[in-house]
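Next come the chains, spelled out residue by residue.
Protein chains: 2
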Amino acid sequence: MKAAIVAVGSELLAHGRDDTNGPWLTGRLRQAGIPVVLRLLVDDHRGRLAEAFRLGLAESDLVIATGGLGPTEDDLTREAAAAALGVALRRDTAALEAIRARFARFGRPMAPVNEKQADVLEGGEVLANSNGTAPGQWFSGPRGILALLPGPPREMMPLFETAVLPRLQALVGARVLRTRVLRIAGMGESEVEQIAAPVYATWPGVETTILAGPAEVELHLTAEGATEGEALGRVVPLAEALQEALLGRVASDDGRSLPEVVGGLLVDAGLSLAIAESCTGGLLSSRLTEVPGSSRFFDRGFVTYSNESKTALLGVDPELVARHGAVSVEVARAMAAGARRAASAGVAVAITGIAGPDGGTPDKPVGLVCFAVETVAEVRVRRSVFPGDRDRVRRQAVAVALEMIRRVLLGLED
Amino acid sequence: MKAAIVAVGSELLAHGRDDTNGPWLTGRLRQAGIPVVLRLLVDDHRGRLAEAFRLGLAESDLVIATGGLGPTEDDLTREAAAAALGVALRRDTAALEAIRARFARFGRPMAPVNEKQADVLEGGEVLANSNGTAPGQWFSGPRGILALLPGPPREMMPLFETAVLPRLQALVGARVLRTRVLRIAGMGESEVEQIAAPVYATWPGVETTILAGPAEVELHLTAEGATEGEALGRVVPLAEALQEALLGRVASDDGRSLPEVVGGLLVDAGLSLAIAESCTGGLLSSRLTEVPGSSRFFDRGFVTYSNESKTALLGVDPELVARHGAVSVEVARAMAAGARRAASAGVAVAITGIAGPDGGTPDKPVGLVCFAVETVAEVRVRRSVFPGDRDRVRRQAVAVALEMIRRVLLGLED
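Sequence lines, in order, name chains A and B.
If you count the first sequence from 1, you need to add 134 to reach the working numbering.
If you count the second sequence from 1, you need to add 134 to reach the working numbering.
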């Protein structure tokens, strides 16, 4: 079973607004084994709304609509759904009474416009809404299943959980979906694709998606099964084959972020990390301390933005800076050594570079970043030129630094 | 003219993901006088994608698609758009050369799969993308206008601004819309709304939107006019009335971020800033060094995560920590004093807190953060308890610290 979600309301298409129900429903449906293949956000226009329902019904087995069930003339979901399904609307007496009772309970008179909230798709069922006046609806016919839910999340969510989800589970049974996310730093999207595509092309029954972030690539692998074991039995062997094909480049396959992986390796090794950053200005420290419990592996960091601070805090020789420039592998190496010494840490990492937009030269262009990682046993350095703006250069530098630490800790070559 | 937006990519329909391009484009189009009536998010499925384009073309005059222009077999936007329009694709020699040149510039070999990124809709134009390998496309025909843009926002946004928007303005005429964004840190959304609503209710002809971020509130004020002067004549008086009503709480009204405002004030005052961070772990330094040219006001930062590092780097008396705890205004004050001394800086800020999820006590709950700002003339401290998870606590702490520095520099009371 595949699903489409239709979010109804001109306000969702106004500046600075968005639909929050769709992402929530997408997650809940995924967990129930029902992938969402299409989402539509439509303004309050009867014809367009009916076309949106037609497309949803044509491209999926289940359409869930949110919003447009209110009493005003802008609320057109019922009419549009009826038009798309080719069925009539009938006024449901019980639903009407429930709306009346709700108004009475809050001591307010019911306006005549509210009566249309009791209009139900012919052949459909009313889903009683205990958190608002608009009841939901469930319709199952030859063209597919249609569930109409109110727009306010505090009404929509409980109605989905109590009325829609049980009906779906009765239909799809105990189908379960399991996903593995392989996270790869230090490789480009097409480079990963080049290696991964021949592997997953030979693996039927697993849905694969490649996702490129600012400095990381993710491979999402999803398979379905009657049981968790069956779903995992499909997805895990492919994950393992990809791990092998990618030669240790996969930092995590369980959703953990690169900082979490590096933090875990440090804790396992009983090592603490010292950080010395110049162009990334605290971003690496900030990413590592996103990890709860990071005090177990991180004790201090130095943001040494000026040359003077590199000397004062890390003991970098001013002559070294004069000779090679602040952005050089030599200075990166001295920064790492100084940070490790100053923090009495097991591992130290240093980053120095030119994030831009200014400060580049033909010799040392914007995007040039030099790295060093020092442990008691070895020192590794790296010099990269990253494309993109200031923000992207900094993010890529942080990802590369994390990947360098990961490889040092695992004894993998660069 | 009405627009539809098609966001392409299975990853947008995965759990926990969403399309961020659509809301941005909706705002930009709205400012150009083009309302968005339909948004579609579609998985990487050729047939469904073609149907989405057909619906977009049927229901609007302009379809803007984002994503699916990469080199992999999942990237189907070109093929689907061609199918919906009923035109062929041709390989564009100039676009192919541009892609090759881009790879050469970064010293990487171009994979054969990248060649299809030069496939262009017959009769369409190539929109050169200087920030990535995927060129955009512009197609105008009897069924409507179709613009294909890359998915990564850092590529999509500049391409929209430089290539798509001018073409649209040539069609619809350049309507003059002017927006003021009032940025407010350290106040909640409803608190701002409470003060602002009565002010803008009496101001006709200005569209107002309130947007609440993780630690900041933005008021967007937009007015239209035949000329820039007319538009500004509507929006500026309201902006000024709101500034006054909000009593100096507005950090910027020209789109500058809080770090940019604080950086500008430091440069104007000829002061440098030293930073000492515990629970925010480098996030404040990282935010301030996002600002290009931040070396003019920032020299060094200390991420002092452990108690030992607070003593070693900032000279915080261990007895003070033992008496008041590391998370206390007393220790924050000592951290700021130590950072200012160690960096010979004009201003120092210190943050120490409990970001969670663990480490809280009844006395010092998760979310408690203590701050200090020290200048040559004064010391200010603050103690706040922030709601939300680790990430949200850290972001709120950074915003409050920036706002404290801003107010000290402007001589405003807290």
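Keep in mind that the hints are not guaranteed to be accurate.
Copies of the same chain look alike in the list, so a pair counts if it works inside one copy or between any two.
Okay, derived cross-link-like pairs now, DMTMM-like style, lysine to aspartate or glutamate, Cα gap no bigger than 20 Å in a straight line [to be verified]:
#1 Lys-136 x Asp-208
#2 Lys-498 x Asp-152
#3 Lys-250 x Glu-325
#4 Lys-136 x Glu-256
These are computed hints drawn from the structure, not numbers from a lab.
Hint compliance check: list the failing hint numbers for this structure, sorted ascending.
2 and 4
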